[in-house]
Amino acid sequence: MASTIRVRATSSGENTEVQALVQHPMDSGYVKDAQGAIIPAHFIQQLTFEHGGKRVFVADWGPAVAKDPYVKFSFKGGQKGDDLKIGWVDNKGASDSTTAKIG
Amino acid sequence: MRVLLAITLLISGASGALAASEADFKAAYAAAEAAEKEAGNLRNRWLPTETALAAARKAAEGGDFDAATAQAKEAEALAKASIFQATSEKERWKDMEIR
Amino acid sequence: MTRAAEAIDPVGDAKAFRDYFIKKFPKVKLEDFVNGPYSLNEDMRKQWEEKEEFPPYEFALDAGKEMFAKPFKNGKGYADCFPNGGIGIRQNYPYFDEKEGKVVTLELALNRCREANGEAPLSYVKDDMASLTAYMAFTSRGKPMNIKIPNDPRALDAYENGKRYFYTRRGQLNFSCANCHVQNPGERLRAEILAPALGILNAMPIYRSEWSGMGTISRRFMTCNSQTRAEPLEPQADEYRDLEYYLSYLSNGLPISGPGARP
Amino acid sequence: MTLSLDRSIVTRRLILRGAAAVALIGLGDLPLPALAAANDRYPEDAFKQKSDADAIKSLYGKSAEASDKVKLDAPEIAENGAVVPIAVTTTLEGVTSISFLVSENPNALAASYVIPEGTLPSVANRLKMQKTSNVIAIVEAGGKLYSATKEVKVTVGGCGG
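Chain order of the listed sequences is A, B, C and D.
Under our numbering, the first residue of the first sequence is numbered 1, with each subsequent residue one higher.
Under our numbering, the first residue of the second sequence is numbered 104, with each subsequent residue one higher.
Under our numbering, the first residue of the third sequence is numbered 203, with each subsequent residue one higher.
Under our numbering, the first residue of the fourth sequence is numbered 466, with each subsequent residue one higher.
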């Protein structure tokens with residue numbers, strides 16, 4: 001099973017730009033299914049990025065973040081070949097994590 | 104445009120029916136079904152026709168033959184309009200062609 | 203344009219069709235029409251370019267690649283059913299099969315491949331089929347659409363039948379495909395910006411935000427039908443196969459850009 | 466800079482503890498060992514608020530002033546409310562947090578980002594919008610809140626139907 005997390009992290013030498021896409025329904029809790037029943041809210045609450053033992057970014061999300069959520073940010077430092085650890089946890093307690101190499 | 108006008112006229116005529124019996128409903132429904140079958144043969148069924156047929160069946164199951172008959176007549180009008188459309192488009196589509 | 207009233211002339215049709223779009227949108231480069239509404243609207247193009255930084259079809263593409271490589275229960279795979287192992291061939295579909303006397307689409311060929319190897323066919327409108335075609339389209343990106351009409355009267359009939367379907371008004375709203383995608387591309391119909399018909403299939407399959415997911419060519423045709431309040435035909439009905447043949451032929455020479463992302 | 470970072474963390478913790486007293490759901494420890502630290506507790510209460518003002522108050526305990534140093538990039542017309550690309554960047558110094566709110570959504574707070582020291586004050590994400598609405602970006606810098614607002618028109622809503 002492939003990871004739910006796709007990451008592109010590129011170092012310019014000075015900064016590292018990170019883009020991540022996570023496979024998740026991000027159900028808002030306001031949508032009905034074909035039978036008219038409410039699809040319960042199901043969304044990632046927190047997504048964290050760690051580089052060199054330090055958190056470089058924490059996303060706190062509600063159900064208004066789009067399906068298969070995307071985020072882009074940059075941090076100072078980070079070299080080609082460094083590890084970037086990414087993990088998420090959703091409102092049902094499910095989680096996933098991965099380690100990406102900075103390119 | 105002509106098609107839409109035809110539907111409007113037919114529907115307003117249909118809704119004038121009063122105190123329909125089960126037999127009235129059955130006759131109206133059979134006519135609607137026959138027209139929809141013909142539309143199907145022409146590969147040109149319309150979604151609202153199917154919706155009206157379903158509403159007619161539901162109303163009849165609930166014993167409301169007035170509503171059921173009105174829905175069946177609406178379905179027939181829609182099906183006939185779709186037949187008219189398919190027939191008139193047989194040659195007319197060529198007018199639209201980019202050449 | 204001079205031509206005999208009843209002669210079927212695909213070459214002339216394709217030229218006239220292309221000229222129409224070039225004249226209507228003089229600023230749009232021919233190969234850019236494959237980007238649909240984004241080729242016609244600046245504000246939308248910006249949103250699209252942002253999306254393409256990490257496109258929403260990425261997961262389908264990965265899933266498709268995995269599915270394509272995974273052998274069937276009998277040990278064979280999709281690669282055994284297609285020329286060149288299925289890689290870089292999407293631009294040749296649909297093609298006219300002279301044995302069958304009918305148009306064969308990529309989606310149909312994929313399911314026939316499955317059935318020939320003892321596997322159940324996939325739904326034509328759901329994710330698995332979209333993932334597979336997304337992967338195959340990806341391996342053909344940039345290759346020009348290359349649809350052939352063999353010298354067979356049945357092929358010409360299929361082409362003409364597709365053209366008829368394209369221009370015929372249907373549904374309670376009394377719209378043809380052409381009403382929206384030839385006469386009014388770039389305009390908003392309710393909320394959507396209509397895509398130009400030229401190159402529209404080059405971007406398939408697509409991730410549509412409106413669907414919150416992927417859709418095949420089958421799904422695209424069926425959705426168009428129901429939006430005019432016509433009852434959609436069954437997926438891969440002869441009419442749809444012929445329509446795909448006609449539309450793809452008109453886009454010959456334009457690059458494959460699928461999988462695409464659309465509103 | 467370190468000082469303001471600490472202060473924002475304290476603010477968050479205090480608010481969360483306050484919320485926990487009335488709390489409906491305790492999240493417990495997040496199962497992200499080595500990643501989540503205690504001061505990054507999910508701001509459950511802020512996400513439950515209906516209005517933008519209440520959400521900002523719950524999240525930060527103060528209100529924001531508009532600033533032209535906060536650059537909010539959002540489309541004039543969203544191609545589809547289900548996926549609206551929105552980004553913010555700022556020239557302000559000492560940024561510790563960036564949040565996005567959609568005023569007309571059922572719950573205004575959409576996303577909130579912790580910006581540790583060394584991370585650039587610039588975030589892009591994709592949000593859902595139910596209808597035409599103001600989008601507000603909040604930047605916390607030096608312990609103060611700054612905002613930028615832009616109206617985004619939505620013709621196809623992102624909440625189904």
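Everything labelled a hint here was simulated from the structure, so no lab data went into it.
It cannot be assumed that every hint is accurate.
Listed next, the in silico SDA-like pairs over lysine to any residue satisfying Cα-Cα at most 25 Å (straight line) [unchecked claim]: (1) C:LYS328 - A:ASP33; (2) A:LYS32 - B:LEU150; (3) A:LYS72 - C:ARG247; (4) C:LYS345 - C:ASP282; (5) D:LYS618 - C:ASP329; (6) C:LYS217 - B:ASP198; (7) A:LYS32 - C:ASP282; (8) A:LYS76 - C:PHE256; (9) B:LYS197 - C:LEU435; (10) D:LYS615 - C:GLN374; (11) A:LYS72 - D:ILE542; (12) A:LYS85 - D:GLY608; (13) A:LYS72 - D:ASN599; (14) B:LYS197 - C:LYS350; (15) C:LYS304 - B:GLU200; (16) A:LYS32 - C:CYS426; (17) D:LYS596 - C:GLN429; (18) D:LYS536 - C:CYS382; (19) C:LYS248 - D:LYS534; (20) B:LYS161 - C:LYS267; (21) A:LYS72 - C:GLY415; (22) B:LYS197 - C:PHE256; (23) A:LYS76 - C:GLU255; (24) D:LYS596 - A:ILE38; (25) C:LYS267 - C:ASP329; (26) A:LYS72 - C:GLU254; (27) C:LYS225 - B:LEU150; (28) B:LYS193 - C:PRO434; (29) A:LYS72 - D:THR556; (30) A:LYS76 - D:LYS618; (31) B:LYS197 - C:GLY388; (32) D:LYS536 - C:LYS217; (33) A:LYS54 - D:ILE542; (34) A:LYS76 - D:LYS536.
Calculated from the model, a selection of chain A residues having no Cβ within reach of chain D, i.e. all distances over 10 Å [stated by the list, open to error]: (35) SER11; (36) GLY13; (37) GLN23; (38) HIS42; (39) ARG55; (40) ALA59.
The beta carbon of each residue, even a glycine, is placed where N, CA and C say it ideally should be.
To see whether the hints hold, each was checked on the structure:
1. C:LYS328 - A:ASP33: holds (16 Å)
2. A:LYS32 - B:LEU150: holds (22 Å)
3. A:LYS72 - C:ARG247: holds (19 Å)
4. C:LYS345 - C:ASP282: At roughly 22 Å apart (the allowed maximum being 25 Å), ASP282 of chain C and LYS345 of chain C satisfy the hint.
5. D:LYS618 - C:ASP329: violated (30 Å)
6. C:LYS217 - B:ASP198: Holds, because 18 Å separates the two Cα atoms, which is no more than 25 Å.
7. A:LYS32 - C:ASP282: Not OK: LYS32 of chain A and ASP282 of chain C at ~42 Å, beyond 25 Å, violated.
8. A:LYS76 - C:PHE256: Holds, at about 22 Å.
9. B:LYS197 - C:LEU435: Cα-Cα ~22 Å, so holds.
10. D:LYS615 - C:GLN374: Roughly 39 Å between the alpha carbons, so the hint for LYS615 of chain D and GLN374 of chain C is violated.
11. A:LYS72 - D:ILE542: holds (22 Å)
12. A:LYS85 - D:GLY608: violated (29 Å)
13. A:LYS72 - D:ASN599: holds (22 Å)
14. B:LYS197 - C:LYS350: holds (23 Å)
15. C:LYS304 - B:GLU200: holds (24 Å)
16. A:LYS32 - C:CYS426: Holds, at roughly 23 Å.
17. D:LYS596 - C:GLN429: holds (22 Å)
18. D:LYS536 - C:CYS382: violated (38 Å)
19. C:LYS248 - D:LYS534: holds (23 Å)
20. B:LYS161 - C:LYS267: violated (47 Å)
21. A:LYS72 - C:GLY415: holds (22 Å)
22. B:LYS197 - C:PHE256: With Cα atoms ~43 Å apart, LYS197 of chain B and PHE256 of chain C exceed 25 Å; violated.
23. A:LYS76 - C:GLU255: holds (21 Å)
24. D:LYS596 - A:ILE38: It holds: about 20 Å lies between the C-alpha atoms, which stays within 25 Å.
25. C:LYS267 - C:ASP329: This hinted pair holds, its Cα atoms lying about 13 Å apart.
26. A:LYS72 - C:GLU254: holds (13 Å)
27. C:LYS225 - B:LEU150: violated (36 Å)
28. B:LYS193 - C:PRO434: holds (19 Å)
29. A:LYS72 - D:THR556: holds (17 Å)
30. A:LYS76 - D:LYS618: violated (35 Å)
31. B:LYS197 - C:GLY388: Given that 25 Å is the threshold and the Cα spacing comes to 24 Å, the pair holds.
32. D:LYS536 - C:LYS217: violated (47 Å)
33. A:LYS54 - D:ILE542: This hinted pair is violated, its Cα atoms lying about 38 Å apart.
34. A:LYS76 - D:LYS536: Roughly 21 Å between the alpha carbons, so the hint for LYS76 of chain A and LYS536 of chain D holds.
35. SER11: Per Cβ check, SER11 of chain A is outside 10 Å of chain D; nearest 13 Å; holds.
36. GLY13: holds (15 Å)
37. GLN23: holds (14 Å)
38. HIS42: Holds, because the least Cβ-Cβ distance between HIS42 of chain A and chain D comes to about 14 Å, which exceeds 10 Å.
39. ARG55: violated (6 Å)
40. ALA59: violated (5 Å)
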